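Student: Each protein sequence line maps, in turn, to chains L and P. Just so we're aligned: the first sequence equals residues 1 to 295 in our numbering. Just so we're aligned: the second sequence equals residues 296 to 559 in our numbering.
Among the clues, some could well be false.
Ranges of calculated distance between the beta carbons of each label pair, as one might list FRET restraints [as the list claims (entries may be wrong)]:
1. P:409 / L:270: 29 to 39 Å
2. L:98 / P:479: 17 to 27 Å
3. P:534 / L:195: 12 to 22 Å
Just so you know, these hints were derived from the structure itself, not from any lab. If you're wondering where the values come from, they're calculated on a predicted model, not measured in any experiment. Positions of the beta carbon are idealized from the N, C-alpha and C atoms, including for glycine.
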Amino acid sequence: MLSKGLFKKPKNELEAQHRNKRKTDPAIPSELCRSCPSCKQLSFTSDLENNFHVCPKCGHHFRINARQRLNMIIDQDTFVEQYHDLSSNNRLEFPGYDEKLEQATLFSHESEGVIIGTGKIDNRKVALFVMEATFMMGSMGQVVGEKITLIFEYALKHQLPVIGYTVSGGARMQEGMLALMQMAKTSGAVKRHSDAGLLYLTVLTDPTTGGVTASFAMEGDIILAEPEALIAFAGPRVIEQTIRQRLPKGFQRAEFLLEKGFVDAIVPRSTQKETLTQLLTLHGIPKGGDQNGSI
Amino acid sequence: MEAYKRVALARKKTRPTGQDFIDNLFTDFIELHGDRCFGDDPAVITGLGQLMDMPVTVIAQERGQNTKSRVKRNFGSAHPEGYRKALRQMKLAEKFNRPIVCLIDTSGAFCGIGAEERGQGLAIATNLMEMMSLTVPILSVVIGEGGSGGALALGVADEVWMLENAIYSVISPEGCASILWKDASKTKDAANCLKLTAHDLLELQVIDKIISENHRDFKNVYRELKIGLYKSFKKNQTLDSDQLTINRYQRFRKYGAIESIAKL
Chain L
1 MLSKGLFKKP KNELEAQHRN KRKTDPAIPS ELCRSCPSCK QLSFTSDLEN
51 NFHVCPKCGH HFRINARQRL NMIIDQDTFV EQYHDLSSNN RLEFPGYDEK
101 LEQATLFSHE SEGVIIGTGK IDNRKVALFV MEATFMMGSM GQVVGEKITL
151 IFEYALKHQL PVIGYTVSGG ARMQEGMLAL MQMAKTSGAV KRHSDAGLLY
201 LTVLTDPTTG GVTASFAMEG DIILAEPEAL IAFAGPRVIE QTIRQRLPKG
251 FQRAEFLLEK GFVDAIVPRS TQKETLTQLL TLHGIPKGGD QNGSI
Chain P
296 MEAYKRVALA RKKTRPTGQD FIDNLFTDFI ELHGDRCFGD DPAVITGLGQ
346 LMDMPVTVIA QERGQNTKSR VKRNFGSAHP EGYRKALRQM KLAEKFNRPI
396 VCLIDTSGAF CGIGAEERGQ GLAIATNLME MMSLTVPILS VVIGEGGSGG
446 ALALGVADEV WMLENAIYSV ISPEGCASIL WKDASKTKDA ANCLKLTAHD
496 LLELQVIDKI ISENHRDFKN VYRELKIGLY KSFKKNQTLD SDQLTINRYQ
546 RFRKYGAIES IAKL
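Pulled out of the complex, with its shape left as it was, chain P reads as follows (with noise of 0.2 Å):
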């Protein structure tokens, strides 16, 4: 399938959202608010729930699922307090040692005025540099769209999943064409360069596996994430927390090392 098409069913307005996911994978769920400094970001739904028998905690990207919610959500697209708000949880999950799920979707952090007063670049850099060390599993996946640095904010996991017709991209296609070749109607072009396709991803190892999706039917999903995360994390469970994170750092530290971009 073409680039562009995943693109469109991944902002698709009918699709799930983050809060649907919870709804289908967790029970006994329990929302969770605040940063603890400045105030809750609706844009990040964050709490507890029960992945089978294991509690775990729960990070969440929410674009909102009708317009009243949408602007309510700020259309998933987080202030600094979100993203503080997130790291906040996950301090707690390691406190209490339960696995950590996110689940990415969102067009990119939130580009305003209160946005960069509060320190957006800060609040990412320190959840990038925190989550790398975090000493209980993190399992990341993409289920619509992975907008740059602030998708990569929830990104710093032991594994990373997309669905099949999820994108991540290092800027939107849009932004791409209009900056490279100040041409907008070169979305689709930009699309197929970015490589932001959950197989192109695979293929650059950005990303460890893909869920399938089925005729707009998410209950197959549900099942294989279900199974699939609670099998990740016995499996990493099992490791002490200096391997865990030792590993994590290997999985991000491969990408571009010296060996593969050659060209010496």
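Isolated chain L (complex conformation) (with noise of 0.2 Å):
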């Protein structure tokens, strides 16, 4: 894949604002050098790209959007996404959140915080949902909760298996009450889907908290993660002020949940398709399929 920013002049204000921002040494363009917030070297963006987006040299994984995601995951052209115009309303007229939604319309190129749809990962057909970081933080509201609704409910009717990725700070609260309802609607698409003998696989990404850990991201019969995810219910800064005291080092990241047992397994970017290849494999996912699911 072409770096994609490369050539590409910002489309507004916003957008060049964010970028001046993003710079981290003013000798170097942004686009053409990223540091490792980890080890604080510097790569090549091609580099990275060409390596799924981690760093060559201490393995740090960048944060990546949704559609990179999919392009990781998916053999090329067979997603097919579902619903993707479904934007946000402001019932509560919650002060500032117009203005919000739209300047994370602008930001992410996405009209809401999660794609949904269908692909093919070795020929094997899956539901699927990725959360977008880039859009108010992969929050929960009343679309993003109907989505992941949706596209269990699809994939129940459809008997296919459900793979998700999550990144999100929580339910969002400029939807008050109707954002934390969505908990509860989600997990109970998940229980339908589950209750059918229908697999769910999670793979949860840095940060995944709040709403969205206390429901569907922990509900997945396998649960992954990718190395050094934040994966909590309350993040480390709530419990520092909480508890008035540091934290220790490594808390709540992927690796501290294996030792205590709440996920599966860690799978970096570069063998996840491998694995996920591999997991549909153990549970008979078929190759093949047509477009309506059947076989």
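Two independent chains are provided; combine them into the complex using the hints.
Tutor: Here is the structure:
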């Protein structure tokens, strides 16, 4: 894949502003090189892209967007997106929320914080949801909850496994209790899918927190995580403020959750497709299958 | 009444707690302890009692009635074992075909090292999933503060009621003000914006009924609850279990359903 941002002019002021902010070193254009937040070493963006956006020096997983993830795991040109245009309204008339939604749409080039659809992994048809961190930190409002519910209902109807990538700051407070209710709604949809004997795999990525951790993220039959991903119910800052002490190093990271028994395996990006294929195979998910899911 | 006044009333130290409700709603109550896994969480009281002539499972969050008991009860903020204890009792209720009453009163699930280490997120998630498919009637009543996921973990019910001065919110108004506006003095504004009062939530159909409160006297509240719970359980017990769980799923399915979010 060609370096996406290399020749691209910012479409609008907001985007331009954001790009300027991200510059780490004024002498080097931000599109050409990126410095690793973990080991501080510079890498060429093109090298990073060829390496699944993982730092070649220390293995740090850079945050990537939902479409990049889809490209990494789905067979080429097999993804069929559903409900792409579904976007939020400000039913509670929460001050500033309309502007925030507008900014998030411009910034992320997505209409909401999750992408859903079907696609093939090693020619095996699956239903998918992939959350988008650049849209209000993947927070779950009514549209995110609805899209996740819709994909589980679709998968149930067509007897498909669901693979979900999570990244989220939790429930979206600008939607008040209607956001909280999405935790119950999505959990109900997962439960129905599960009771039908269908497979649900989650991959938790950095960061997965709050109401998403406390609902569909942790409800997978098998839960995978990316290296060093922060996975928490309450974020580290909230805990530090509550108990007024520093948290131990590595607390709430994927490795910590593995040790405590809350995730099945940590899978680096480079082998995720392979691992997903392996798990689908072991669950007897067949190859082929036409568009409406019958085999 | 202004939203923040309700917040203050819901948190008032003299407000009856879960234990008071248990004493006044049920006879023959016996507390049953422990999650059979890690420990017993004093922030959640679970047990069996008679609602008039009907044996029911009772799950109540308890904030504590004085300083000493508030410390013991962790101010009503449960650890994962509290939610697991609740689920254990709910499963028993299903086995023995008893309705379940959940009394919600918590500022939130506890945020701490132990809670995270033992899987707070998973414990809540599991309750949400399992409650959705329990084949006995469930009714949840927010009696004081309904704090986010920690409250919802006992709130996946056939009907959700609220006391008139109770609140139910996705985040505390303090948390909302400090995160969104970086300004703790905007707590009152946040309380208004969050639509956390019983009246707001009835309008949004998040709850099904308001129990009116009268002049600090809870006798009427207890009476109305007792009769209301009894009638609701009698009605829901006539449904077959499939219909009951379908209704419960539909109750929560409607929030943000595609027809209502529009703007396609």
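Student: Does the Cβ distance between residue 409 (chain P) and residue 270 (chain L) fall inside 29 to 39 Å?
Tutor: 35 Å, holds
Student: Verify the CB-CB distance for residue 98 (chain L) and residue 479 (chain P) against the hinted window 17 to 27 Å.
Tutor: 25 Å, holds
Student: Just to be sure I understand the hint, the distance between the Cβ atoms of residue 534 (chain P) and residue 195 (chain L) should be within 12 to 22 Å; is that true here?
Tutor: 19 Å, holds
Of the numbered hints stated above, none is contradicted by the structure.
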